Amino acid sequence: MLTLHVEVPYGSFRKSYARSLAETYPLPPPATVYGMLLSLVGEGFRRRHAGVRLSLAFSGSYRDGSRRHSPFPRVAQTLRKLSRYKYGEASKQSKQGNRPDYIETLCDIAFLCWVDSAQETNPEPRLEMRLREALETPETITRYGVLSLGLSDDAVNDICLVQEPTGDWHRLKPSQEGSLELPVWVDHVGSRHTRWQRYELEREPVTPTEPPLEAYWTVIRPPA
Amino acid sequence: MGQRTTGYQLPNPLVYELGNPNFTVYHRAALGGLAATIEAWKKNPRLKPEGIAAEVDAGKVEIWWDKELSDRQFIRRLLEASFRLTPDRLIDLPGHGIETDRDGLRLAIHTGLCGTFLQHNKMRPGEKTPRTLKVQVEGEEQEYLLTYKAVNSYAHQKAQGTGLLGDDDQAPLPPVALIPQSVVPGAMTGASELEGPPEEVLLLLYLMVGSAVFLLRSYRHESRAQYCLVIPDVKNLKSFARNLRQIAARGANFLTNGYPGRIAGGAEEAALRFLLALEAGNLTEEFGRSVSGCLAVAMGKVAWDRNQINRSLVVRLGAEYPEIEVFRAALQHFGKGRLLTSARGEAFPASPNPLPELIAANLAAERHWCADFIQRCQEKKDFEQLTFQKGGLAAMTKAIKDEDDQAIIAIFHEAWRMTMGALSERAQREGSDFTALVERERERTRNAILRAKTAEALAGWFLRFCADATKGAALAGMKRNAARVREFIFNPRNFERFQNLLLFALVSYMGREDNLSEGGIDA
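Respectively, the protein sequence lines represent chains A and B.
Going by this note's numbering, the first sequence opens with residue 1, and the numbers climb by one from there.
Going by this note's numbering, the second sequence opens with residue 1, and the numbers climb by one from there.
Be careful, since some hints might not be right.
[To be verified] A short, non-exhaustive set of chain A residues, derived as facing chain B with CB atoms under 8 Å: (1) Y17; (2) S20; (3) L21; (4) Q176; (5) S191; (6) R198.
No wet-lab data here; the hints were simulated from the structure.
These numbers come from a predicted model, not from an experiment.
Quick reminder that beta carbons are idealized off the backbone N, C-alpha and C, glycines included.
Bound-form chain B, shown alone (with noise of 0.2 Å):
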């Protein structure tokens, strides 16, 4: 620990620019969330702190206090009126601009950081029954009870740790202060404890405010991820400020609203979805775009450790991805997450669909978007729940963009369709029975597709599967790209994004009556 005798003072007005070269992204987080709060008391003046004013620019925060208060005062009545707790003991945060009414999105941020932020008893003393809070889910009827653990105080609240804070507000502050765990989750103790200057520590506190919390159920078993904190790369404050209300807000169509709107796959998956959040505030926005990427954190139980919740992934995400629209459109028919009720009552998140949660990672980690989809086809329960959910991955191939990705599915559904084509007529020939017919052909091709090894011999059964659907004549996709598909089915390299894209065009084949029963492929 750094020397504590000296004293020093914190200058007056204390201003925190967004281009600090020494500012890491938590602190550019940090002071998003700094900014939102500031920005939460002007919308309700009465959480506003006595003696403090503060002012908020897109590049800069700058807060300025009566002379009558020392050093310590202003700490206290910032931080009071920073971080509180509603009646129901759950954590609030002005900054977030969740409403009273909003209880399922508090309890889901609270929940998270009570498991991350401040997953230590000490760090948030509470009771130790846990209460029980009717949540209702927007859409549904029905309401879901669920358990939380009610807080009486948390560390954030009086700077635990920090050592800003002490018995006496008149003492001058330390010139150095820590940085424990619950100011930045992985900032553990080692050898000696990391530290910072008062002023920066103080603005690491918001990291909490700026930083989005979910509740991980991710279909790879062998993560064991629970939490993802999703820290944003802020470069415009206000307007960071406000998509951060806008987020919060009551009835807007935000993929990360509600309790459920916080239940994510994968730690990618929380971070593209906080984002996209972000980026449908600033459709109604004059100011650009507020963040310019994220840092996603997953933090679950290591085998090495059982006492405490560590960082087990750590992914970088930017901002534009090329085919982002695939994500979006997962996202908005397969990502609503949902709550399961046990026999007891209660409430709890469940696993959600895993498909935002796959392209997510492969956005994430810069693969074709479509990587990995042969294992969600390799077992037959898998492939058939697919097929089930043909208006979303319709909408899916509506929103890719890549040429190559396009003509291969188009030539595909075309194929497909006339296949159907003969089998209707052979049904109506034979008086057999149509569905299963397609049953049985749709398996027979998923199982030639699963079982070709080679690049040669997967275009081999294409242009084979093509040429019988037509009957030797060429297919009009075929005709109109015929050196694209050439060239790509034949590349070695292609190979897996080529079996890949061919099982997501076995199920995302929509017919006529398909669109009919679905209403549409928007449905």
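If we strip away everything but chain A, and leave its shape as in the complex, we get (with noise of 0.2 Å):
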């Protein structure tokens, strides 16, 4: 198991049904932190690392060591132009497919993620080594592009290893009847294979001495 501390000022991730009006989920979703965690290593098959288990914690400070307001980073609605790829013909795409739009966008992300291979179903390498080895000799790794959480406009600032967090943090917890749903498995074309799983965001801050309780975990796993 590993822990790493990502930050990254703002980040959109758009809820499966939002196609007017990008809605954002309130949390980086676990399928979105995978996502990251495979462009990191280089990986491009998203099934590499079936079976990894992620659990996530989000700051409860500002930088400055202030306490945050509210666990949930703040939320921006901003107008952007945005592709919506609906038309087909190039000519009318160029015209028509391009337009504005609100954009909800997420502002300061701060979390740790901690990884855990230990129920990987393929084979060797694990997706915890390559990590530990993109971290410590990123020089050894083939990977292309600004390393981005979802979105590549959303680039992280910061990514690296852990070995005793600081600091306060709030759980993300796996809860049957919790507020939030967030999506572990994402289609990206249909929508019919988006997996969500509901979560509770603890609203006090702890500062994680010990690895995360096995009730804190995620699978990241693949529809059948």
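Using the hints, put the two chains back together into the complex; each one sits in its own frame.
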């Protein structure tokens, strides 16, 4: 198991049914975090590390140390040009395909991500090992592009290994009755294979000195 | 689009569980709508579809049907019993439990649905000439003549655009059904259509029943939102179904009842109105709270698209806010929607009082409840209007829970009462008009509060105002809360809050003579 600290100044995680007004999930979904980790190690096959377990905890304080007003990142709504790609024909697409729309963006995202590869279903190397290699000896990794969390605009500002987390963190706990639904596998084409899981973000922050308990893990598993 | 060659069979019985991890808030609201529809069949058995039986409990809906029925026949019968039309060609959703003589509420919902879920003409073919309907508003003798577009049928009756129903009822279901915008507003067709398993898409058709629709008339001119959909995060199906019926029940004093009850200032106000109405239903219930929050989706015209009603704002609201009682008081006094009549005799919804909208927007954004109150006081005309609403403002003052806010307002009221006493004495001594003196003093005070640009300047003015009122002695409220008040007023972070509170205190002051003339603060 390893622990990563990730900082992303802004990011938009569009909900599956939001094709007008790009409404965002209130937190980066586990499916997106998994995608970012694959990008970090230069892996192009989404199912390569199926079975890996992730656990997330979101920062309870700002960079200056002051406590956050809410455990959830602030949401900004902006007006941006959005490619709709719905017309198919090149001429129509170029004229009508790119229009403005409201986009929600999460601001100042900082989280801890625990990665546990013990239950991965594919042969080695495990994601855990590859992440360690990518962060400790990045020159040995073949990958391209700026590392981003979700959309390519939403670049990661900092990602590093953490030995012992310090500070206040709100843990994200899978819960059958949780008020948050976050995708754990996304179908980018038609949403048919998108799979969600319900979560609760703990209101009281903690300093996680121990590895997450069983109840806090999310298994990344593609739909059958 | 997905593969259509292989057939798909619905499981019989069909079981929908609220705790399904793959259900979004839309699914849970839709499940609430389905539960409400099934409960309505129990109340009115003649609506129940033949060959279909269903049960609802707090966390689950189970439906089973005769083996002789094909899947498509089952879906057709289910939808026919769930999505109906009245003889006046208004949309009739049995799940809402609206009685036949409650045309005002039904018409508001019909108008809202035609502007949101069914905004495209093809989703609700109907008559070209608008019809009119006379609507009686509770508490008013006058009848209002409202126009509407009568519909001959609508998309949900035949699962239009989903692929669930076709010409041949014996044909197998497609393995994948489509989710058009008429099912989930905002689910527009992109590079490919949104898809889902047939039973999930069938469930999503009931989102129209489970969500509440409001007509928006916002005072914020930049906002062109015309409608608001409130999508509840249902957590108890049985209780939700009952509450939904209670909202529509005749004579119930709910804030979402009747045509005016569905006119709101903003999306946040609409959502809080709906949540409060559901909560009011719970007071007589043995069940727990039926929803844990909601999603408010404002829809209206946007500058870059003249054809469609687009989503323009999405707000998430919880079920609990510390100062929700302030909003409740504002709603009770100022929240009643109004209808105006045009020269041609047709009625239309008027903009409601902006206070409930302001407070709801503040609560939803986790701002101080009184934030931006200053905007209602900057124009003299708006400010003077506020001074005529003392009854409601005093009720709001009583509902405040925050101790800092209570202390500031109480001290200001105490000082203002003494200032008025001094003005009264002066009026008697000089033989001048007391009311005119008070008006002048109020205007002077408003300008002083508005002109303060820093926390220090405002705190200085406030202390001077209190000292002038008491002629140097200390106010009782100030004595009791000296440390609290000092800490509050000199903290620069509280500047805007302090300014808003002082303006609120200025307009909400209610003397003995106001009490008498307005029939007390609860008037």
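Hints, one by one, checked against the model:
{"no.": "1", "hint": "Y17", "result": "holds, 5 Å"}
{"no.": "2", "hint": "S20", "result": "holds, 5 Å"}
{"no.": "3", "hint": "L21", "result": "holds, 4 Å"}
{"no.": "4", "hint": "Q176", "result": "holds, 5 Å"}
{"no.": "5", "hint": "S191", "result": "holds, 5 Å"}
{"no.": "6", "hint": "R198", "result": "holds, 6 Å"}
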